[in-house]
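> Hey, can you work out the whole structure from these sequences and the hints?
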Amino acid sequence: MGKYDKVEGISKRTMVLFFIIDKSYSMSGSKIGAVNVAVREVIPEIQKIAEDSADANIKIAVLTFSSGAQWMYQSAIDAKDFQWNGINVDGTTDIGQAFKLLNEKLARNGGFMTDAAGSYAPAIFLMSDGQPTDEYKKALADLKNNNWFKASLKAAVAIGDDADKDMLAEFTGNLESVLIVHTPEALKKLIRFVSVTASKIGSKSSNAPIDGEVQTKQSDFNQQIVDFNDTLIDSQYDDWN
Amino acid sequence: MEEFKHGQKIKLTNGGELTVVSKLGEGGQGIVYKVKYNDKEYALKWYFPKLIKNPNKFYNNLSKNATMGSPAKEFLWPLAVTDIQNSSFGYIMKIRTAEYKNFAHFLNAVVRFKSTNAVIDATLNMVNAFQSLHRKGYSYQDLNDGNFFVNPDNGDILICDNDNVAPYGESLGVGGKSRYMAPEVVLGKTKPNLDTDLFSLAVVLFMLIYISHPLEGAKVAGCPCLTDEAEKKFYASEPVFVCDPKDSSNRPVRGIHNNVINLWPLFPQYLQNAFVRSFGDGINNISQRLMEAEWKKIFLRLKDDILPCPKCGEENFVSLAQNEIIDCCECKNKIIKPLLLSYRDFEIALAPTKNITEWHTEDGDYLKIVGTVVQNKSNPNLWGIRNISEKLWLVKFPNDDEKTVKQNEVMPILKDVTISFGTKKAIIN
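In order, the protein sequence lines correspond to chains A and B.
Position in the first sequence (first residue = 1) + 200 = my numbering.
Position in the second sequence (first residue = 1) + 1208 = my numbering.
Hints are computed from structural coordinates only; laboratory data are not their basis.
Misleading hints may appear alongside valid ones.
With a cut-off of at most 25 Å between alpha-carbon atoms, the simulated SDA-like pairs for lysine to any residue come out as follows [what the hints assert, rightly or not]:
| # | chain 1 | residue 1 | chain 2 | residue 2 |
| --- | --- | --- | --- | --- |
| 1 | B | Lys-1397 | A | Asn-422 |
| 2 | A | Lys-206 | B | Arg-1320 |
| 3 | A | Lys-280 | B | Pro-1432 |
| 4 | B | Lys-1309 | A | Val-414 |
| 5 | B | Lys-1427 | A | Ala-307 |
| 6 | A | Lys-206 | B | Arg-1462 |
| 7 | A | Lys-344 | B | Ala-1438 |
| 8 | B | Lys-1385 | A | Asp-427 |
| 9 | B | Lys-1258 | A | Val-426 |
| 10 | A | Lys-248 | B | Glu-1307 |
| 11 | B | Lys-1385 | A | Asp-252 |
| 12 | A | Lys-404 | B | Ser-1445 |
| 13 | B | Lys-1258 | A | Thr-397 |
| 14 | B | Lys-1427 | A | Lys-280 |
| 15 | A | Lys-280 | B | Ala-1312 |
| 16 | A | Lys-388 | B | Glu-1234 |
| 17 | B | Lys-1440 | A | Ser-419 |
| 18 | A | Lys-350 | B | Ser-1445 |
| 19 | B | Lys-1265 | A | Glu-385 |
| 20 | A | Lys-280 | B | Gly-1463 |
| 21 | B | Lys-1385 | A | Lys-203 |
| 22 | A | Lys-203 | B | Asp-1361 |
| 23 | B | Lys-1385 | A | Val-414 |
| 24 | A | Lys-203 | B | Tyr-1308 |
| 25 | A | Lys-389 | B | Lys-1427 |
| 26 | A | Lys-248 | B | Asn-1316 |
| 27 | A | Lys-388 | B | Pro-1432 |
| 28 | B | Lys-1322 | A | Met-201 |
| 29 | B | Lys-1385 | A | Glu-208 |
| 30 | A | Lys-404 | B | Gly-1430 |
| 31 | B | Lys-1265 | A | Val-426 |
| 32 | A | Lys-203 | B | Val-1526 |
| 33 | A | Lys-344 | B | Asp-1436 |
Written out as C-alpha cells, the structure is:
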C-alpha cells in the first residue's frame, strides 16, 4: 500500500435530472411509446457521462401526471441504479398537481436535494401534449418562488400541435426553451439531446466573455438546445402514427 | 448529419486522402473516427456542422496550427486538416493508446497512480508541455480535468482538444470550464490567455498531486446549491485556498475532502509554498503566478528529495527529516537520513536507485541519466555512485586524495567527498 492506494474519489456535487412526463390518455400510442424508449435508452448514456466526469453525480427523478401525479420512485436515484418502469397512459392532464409535487421535492428537508456534498442546480425537463385539466396557475406560481426551481435549467417539449405552448413557456420562463415536435423520431432525438446536454452542463467549457458578459449555464443550455432544434429534421405537421 | 461509413475517403488540404475505418466515439462538438492515412492509423475529429461559432476563423486557425506542428510530444496535435465537406471539416491526430487514462478517472479513484514518482513525473510532463506551447507564443485556453490523459504507471501524459490553441492575443471563443477558469475569466474581465493558462495549470497540478480541488473546502461544501452566482463567488470573486495559512475559512472537511487532508502534510514545505503562492497572492495578482520554469525546478527538487523506505518501498521525502530521522509515511519505519549530494541548486538523497542527471551536472536534460546510486552485491550496506556517462568525474576525498571515475566505475558514498562534473563541484554531506 502506498499513499495513492488510499486515495478516495473526489467529492462530487449531485445534479438531479427531473423528467416530468404527461401520461394522459391523449399520449397513447406512438407518443408514450417514443418517451418510454427514448428515456430508457438515454439512461445508460447518462450513466457513462457520470462515470467519465469528476464534476457531478447524476441522479434521475421521474414524475408522471394524468389524473393526479406521482413519482416513479420516492427519491432521486443514481443513473447507474435507475430502472425504468414503462409508463402507461390513463386519465386527464393534471399538470398543476405535478407542479405541486415538484415544488415539495425541490427542497433539502423532505425533498430530493439532500446530498451532503451539495448539489448543482437541477435540470427539469417537462413533456406534455395537451391542455391542463386542473387549476395549475397557483401551483406554478408557488413553484416559481422555489429557489431550486429558480436556479434550475429548464426545458419543455410540446408534443404535437395540441400542447399548451404558452403554459410550457410560463414553466420554462421563455418560449425559446419550449421545443415543438411532430413525430416520434424527432421526440426521441430531442429527449436524448436535452438529457445528455443537461447531464454534461457541469463539465462543459463555456464561451469566452463577450464585452465582459459571462454566459450563464441556463443561456448556454438554451443556446445548445435551440441550435440542436434547428438541425432536427421533423415534419411540419403532427404525424404520430 | 450523415455519419461517415467504413471505406469512405476524405481529402486533406495537404493533398493527401484518408480512409474512414470506424467510429471511435462522439462528443459534444463532433464525432471521432479511426482512419487510415499513408498506411498508418490516426484519429479524425469531425465537427458537427453549425456548432462552431465562427467556423472560418476556427478552420483557418486549425490549419495554421497543423502547419506549425506540435510543440511537444504530449500534445495530440492536429497533424493535417481536411477539406470542407458536408458543410463541416475535421483534423487528424495520433490515436491515444489504452495505457493513457482519462484524468477524471483518477479523480474518481477508479484509476490510481502507481507511485509518488509517477505523480511527480506527470506534473513535470504537464509543465514541460505547457512551457513548450507558451514558448511558441500560443495559449491553450481551456485546460481542465477533461482534456488530458495520464499513464498511471509512469506519469506520461497526452493532451487532447488542441483546437482552441491560439497565438498570443487571439481567442477562438472558448472561456473554459467552471472550477478551472482563472478568476479574471469567470468575472468577464478578460478572455483566456497565457496568464489564465498558468492559473488553470496550477489547479491541475494541485489536483494531480492531492486528488482534490484547491478551492473546495468548508465554505464551498456548505453551499447547498452551486448556482452561477455561488460559482462566481467561490471560484472568482471570493476564492479561498483550502490550505491558506492566513485564512482558515475554507479548510478541507474530514469525510468530504480526505485526500488533501491526508496528502498535504506528506509533501515538503517548498511545494506547499508554491501552491500557497498560486492560490493566495497569485489568485488575483497575475505576476505572482508561477511560470513553468519555476514549477519545473520544484518538481525536479521533489524527485531529488525522494527517499524510498527500505522496508516497505513507499516514497518519502528527505527534507521532512526531523533529527536526522524520517518516519516512513506508510509503515512508520524510522529511516536514517542518507547522505546528500549537494550543489548550489540541488540536493540529491543518495539512496539506491536514485539518479544524477545531466540537469544536475550541466543544466541539461533531466531525463538523461549520468549516474546512479548502487548497492554493493556482497555488502548491501555499502553504497556507491556509478558513472554511466561518457565523461570523467574528478573525485576528491577528505584526505585530499584524488581519483578519476570513468564510465561504469563506481565511487564510494562517503561524507565530505567532492565530485567535479566539469564546472560544477558537488559535495557529499
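> Please flag the earlier hints that this structure goes against, numbers listed from lowest up.
Hints 4, 14, 19, 21, 25, 27 are the ones this structure does not satisfy, whereas the remaining hints hold.
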